[in-house]
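Enquirer: With the hints as constraints, model all of the structure from the sequences given.
Residue numbers (the working numbering), protein chains in the order written: chain H, 1 to 597; chain X, 1 to 584.
Source of the hints: derived by calculation from the structure; they are not laboratory data. Glycine included, each C-beta is placed from N, C-alpha and C at the ideal position. There may be inaccurate statements among the hints.
[What the hints assert, rightly or not] Reference listing, derived: stretches of chain X covered by chain H, where coverage requires no fewer than 3 residues with Cβ under 8 Å from a Cβ of chain H:
| id | segment |
| --- | --- |
| 1 | 246-252 |
| 2 | 262-273 |
| 3 | 432-439 |
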Amino acid sequence: MSQEYSENLSDRYKDWTLFKRIVWYLKPYGLLVIVAIVLLFAVSMLNLAGPYFTKIVIDDYIKVSNLEGLDLVALTYLGVLAVAFVCQFLQTYLMQYIGQNVMYDMRTQVFAHLHKMSFRFFDKNPIGKMVTRVVNDVEVLNEMLTSGLILIFNDLFTLGGIFFVMLYLDWRLTLAVCIVFPFLYLATQAYRTRARDALRKNRAHITGLNTFLEENLSGMATVQLFHKEKDHYRKFENINKDKIREDLRSLHYNSVYLPSIDLFSALGVGLVIWYGGGRFVQEEIQLGVLIAFLQYLQKFFEPIRDLAEKFNIIQTAMASSERVFELLDTPEEIPNAKDTAPAAQIQGKVEFDKVWFAYNDDDYVLKNISFSVNEGESLAIVGATGSGKTTIVNALCRFYDIQKGEVRIDGVSIQQMDKFALRRQIAMVQQDVFLFSGNILENIRLGDRDLASEEVESIAQAVNSHHFINNLPYKFSQDVREGGNSLSLGQKQLLSFARALAVKPRILILDEATSSVDTETEQHIQQAIRQLIQGRTSIIIAHRLSTLKHVDKILVMKKGEVVEYGSQQELLKKKGVYYHLYNLQLESPSTSGQKAT
Amino acid sequence: MFLQKLQAFLPYMLKYKREMTIGMIALVMTDMTTLVIPWLIKEFVDLLPQDPSRSVLLKYAGLLFLTSVVLAVGRYGWRKYLFGPSRKVEFDILNRLFAHLLTLDKSYFQQQKIGDLMSRATNDLRAVRDFVGLALLILVDSTVVIIACVSLMVWINPGLALSVMLPLPLVSILFFKFIKEISKRHQVVQEHLATMTSHVQENLAGIRVLHAFAQEENEKKKFAGLSREYIQKNLRVTKLFGIFTPSLMFTLGVAAMLSLWLGGKAVIGNEMTLGSFVAFNGYLMLLSWPMMGLGYVVNLTQKGLAAMGRIQEIFTSKPVIYEGEGEAADVEIEGSVEFKKFSFAYPGAEAQALSQVDLAIPKGQTLAVVGRIGSGKSTLAQMLPRFFDAGQGGLYIDGKSVREFPLAALRQNIGYVDQEPFLFSVSIRDNIALGKADASDAEIDQAVETAGLSGDLSRFPQGLETIVGERGVSLSGGQKQRIALARALIKQPRILVLDDAFSSLDAETEEFIIKSIKKTVAGITTVIVTHRLSLAREADQIIVMDQGKIVERGTHLNLMQKGEVYSGMFKNQALARQMEITLQ
Chain H
1 MSQEYSENLS DRYKDWTLFK RIVWYLKPYG LLVIVAIVLL FAVSMLNLAG PYFTKIVIDD
61 YIKVSNLEGL DLVALTYLGV LAVAFVCQFL QTYLMQYIGQ NVMYDMRTQV FAHLHKMSFR
121 FFDKNPIGKM VTRVVNDVEV LNEMLTSGLI LIFNDLFTLG GIFFVMLYLD WRLTLAVCIV
181 FPFLYLATQA YRTRARDALR KNRAHITGLN TFLEENLSGM ATVQLFHKEK DHYRKFENIN
241 KDKIREDLRS LHYNSVYLPS IDLFSALGVG LVIWYGGGRF VQEEIQLGVL IAFLQYLQKF
301 FEPIRDLAEK FNIIQTAMAS SERVFELLDT PEEIPNAKDT APAAQIQGKV EFDKVWFAYN
361 DDDYVLKNIS FSVNEGESLA IVGATGSGKT TIVNALCRFY DIQKGEVRID GVSIQQMDKF
421 ALRRQIAMVQ QDVFLFSGNI LENIRLGDRD LASEEVESIA QAVNSHHFIN NLPYKFSQDV
481 REGGNSLSLG QKQLLSFARA LAVKPRILIL DEATSSVDTE TEQHIQQAIR QLIQGRTSII
541 IAHRLSTLKH VDKILVMKKG EVVEYGSQQE LLKKKGVYYH LYNLQLESPS TSGQKAT
Chain X
1 MFLQKLQAFL PYMLKYKREM TIGMIALVMT DMTTLVIPWL IKEFVDLLPQ DPSRSVLLKY
61 AGLLFLTSVV LAVGRYGWRK YLFGPSRKVE FDILNRLFAH LLTLDKSYFQ QQKIGDLMSR
121 ATNDLRAVRD FVGLALLILV DSTVVIIACV SLMVWINPGL ALSVMLPLPL VSILFFKFIK
181 EISKRHQVVQ EHLATMTSHV QENLAGIRVL HAFAQEENEK KKFAGLSREY IQKNLRVTKL
241 FGIFTPSLMF TLGVAAMLSL WLGGKAVIGN EMTLGSFVAF NGYLMLLSWP MMGLGYVVNL
301 TQKGLAAMGR IQEIFTSKPV IYEGEGEAAD VEIEGSVEFK KFSFAYPGAE AQALSQVDLA
361 IPKGQTLAVV GRIGSGKSTL AQMLPRFFDA GQGGLYIDGK SVREFPLAAL RQNIGYVDQE
421 PFLFSVSIRD NIALGKADAS DAEIDQAVET AGLSGDLSRF PQGLETIVGE RGVSLSGGQK
481 QRIALARALI KQPRILVLDD AFSSLDAETE EFIIKSIKKT VAGITTVIVT HRLSLAREAD
541 QIIVMDQGKI VERGTHLNLM QKGEVYSGMF KNQALARQME ITLQ
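Expert: Rendered as structure tokens:
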């Protein structure tokens, strides 16, 4: 099972490249970033003032018993603290402000990028995964920017600051202390490679554990039905064991590495006592300097320890950024045409000219399709499941780009039109009606949010949906999601008709629903369809024989090919598939829905 | 109340009492050793004016290093033996949690959101872990260090100690207040994040509609608005942070300043030695973290207890279905089914999903259940494997109440396939073998054959070894349904329940499959819930359901002659079917 969920452990992007890309998002806030860094620098330096004041107090005042001067030093110290307070407040706020804005930029960018993706992309990617990219991964990145970046700068400044102060206080002593560094470096390297590996594996196991848990919670009924409780418990326990093993491994590295820093620190302090103490005895160095030096040295190792503790955050952020950038690097499959003519109102003549289309490679689902629908005409497409009916309308809306041939509207290839302008003039009624959270009104004016409510009401009336809407407790303000699926299938369909009509489309595409509804609703639906296709180019994927009677032209599809195409009369004369269907219709035991025609 | 809540942790922690004791000892050792270092430096500073020899200095350096070795060992000890058990406690609780969830039944999962359960198993569990490890550590560490440092400082100079420590309690209070306010504001941020998540989720679920209506720009605007709001809520948290951290540093700084100022005066006034002054400053520095720590402990404890409460909620939920006594292996099921005045309402629902159903299916016969969506067909089917416990009336198999069977025996003998079967993200073979772990290749092939899957499998390059993607995304609906059928058939059930199980297949394939089941599994009792009446036609008995009641029953011929609900439905469908055939 492990290969399914295990995070890809090999890096697709190098850490450094990722880091540079993240930092690039700071560019728009360049000035603010510089101010924040300057403030950060000031804070780091001011925080180092304490030991220096100690040195001054000891060497300049205590030794000469200068009481008044001491008051002044205390006051100065207080002043430094106050300035540090202000700087730190500004710096924290500023950095968060920048981080939040970067997160905003990145999140809206990822969201916008998702909206650029084609249906093909959504066919392949589960929703949960994409939601994680937009929400969680970007969140983690922000943490990395605000905490991680500050941390790095703060620690670097502190390290650098202390080093220079120590050099200034006594360069010989500083150099002596430097003996410790190579050891520290080696220890850090040894820790870094091991901890990195343990953390990565641990994270992969956590993902695996959560995936397994979520899958089992969703499929609990199946697990129980097949009495697999024991089996699945064992599997779960094993993944959990893998996880805790890596958990304890990284804990072990931390437990060894972090205390080892104490040893290096002690080594440094020991050197200062021995070497520095000796120099004091020889009167080459002042007592205050020595004490300040000791205090600085102890502070010197804090940032190093800090960096190790935060290593996990940075690692996680790198993994998240990798995933986010991978999504952002997915190219747009259906690029919008450049230099499009200004979107004029289209008339509505639709032509398919020798169109070929395949979802995968050479597996064509549309083979050499040609037909045309004149302005205001209606066309019904019939065919068995999988014959390519839906693909035709998807190609017309440019949800997929065709491989060969041309689709034209008013004589212009749709690839040369602005795809959004194109879609705005087409209304599509899909088989499964998707309603968005919100009320009925909002769902009807999905395509045109400025529509006045009176207009919406008249539209609803035109497609026969006002009956049921007016029977709802809150009428047009009724929330569609409240109380589960409060609307019936038929009602949802009527609602989607209203939604289509509300955009006043030039071209209407209707994918007729197959599911049966009660006879009264069926009547409403049939009436509404006639209303909808009135006066506009319409393409209907028909599942009901009765629908065929209202249209001007019929296209019969079979396995991606057109087998019959023409007007009712033409096809009847041909005595082919349509003729057959027509006879069925005549023989049919008339149900009330069809009787109404 | 507090103690009661703590009790929930005890059994988990007691398991690691040895490790935790070692950890605690190591921690106290670390704290004590930490206190030695400023003292050594004090001695060193006081020694300096007496012109010590190199060897004496070396002795001090050596002592200091040795102390640090002890310190490092101590630090290693508590990290390993306090954090270690907390991870193991997390491991144990998670295992137990999953084991318990496996015992809960469908009505429980219908009432819970998976996201919520997941959050308890992850976020809440982390809070519990932090309580067991971090909170305990900080509590002991802070207490020991504070008591020791304060005592030492008082011992060095009581007056100075008192004035310097005046601002320090402020740190704890500040920290506590801040954490409280910040969790409040954080809550708001989290809620907004949830809103954003569901917005994105809905957007992606309905993306085909949105693109069809060219709503990209509007949606981007809406989302940008939500994101903007999110920033503002986050910045409200930041403002607090921005004030808090600096004030903390400021308070600690003031204490250091006081120590320098008043301490300096004391040294000048010969009230203390320079070495004591340095040590005093050293101890003050050691106090800063424990002061913050105390506030943090309170917060960690609050979170940990609340989280444990939520986890306990799962543990206290009990399965409502109690099973019969006996060993599953000893039970033989023949396969006759009878519902007697059977009524059922979903937990929390007012209306009855099934009311007063009387129905008998003799062994080996086929029952077809038809009716509109929401008429109670599926509910009826789900009663057989006992996904829910029946409300009133009885359900009998072989004349015995289903409550008297061990669940394992019942479910072993009932194959249940629904419209949207759940497949696991393993290979197709493993999904089928779910029904029988030790199934031979021949058995699997047989099941595949009967379920009409052979053709599909031959088109997959990896055949049976093809991995089913997340939630079965890489397969078509019909393929998933047939894998689920194979999985049910392989356990050789006596009763087969097909709950609209072939809705994604065309009528011919469906008919072929039903026939092949009947042929290969002789004498199997079959319940078919379907929308396709051509299937019902072949059944020994047909019932038509509406609003939880049986409104018509009989054979196809009877019902057609009767000329009411069923015959109307049938004629309509026959037409659609002929249309389909013509187009094929």
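Enquirer: None of the hints should be skipped; say for each whether it holds.
Expert: Status of each hint after checking the structure:
| no. | hint | result |
| --- | --- | --- |
| 1 | 246-252 | holds (count 4) |
| 2 | 262-273 | holds (count 4) |
| 3 | 432-439 | holds (count 3) |
Violated hints: none; the structure is consistent with every hint.
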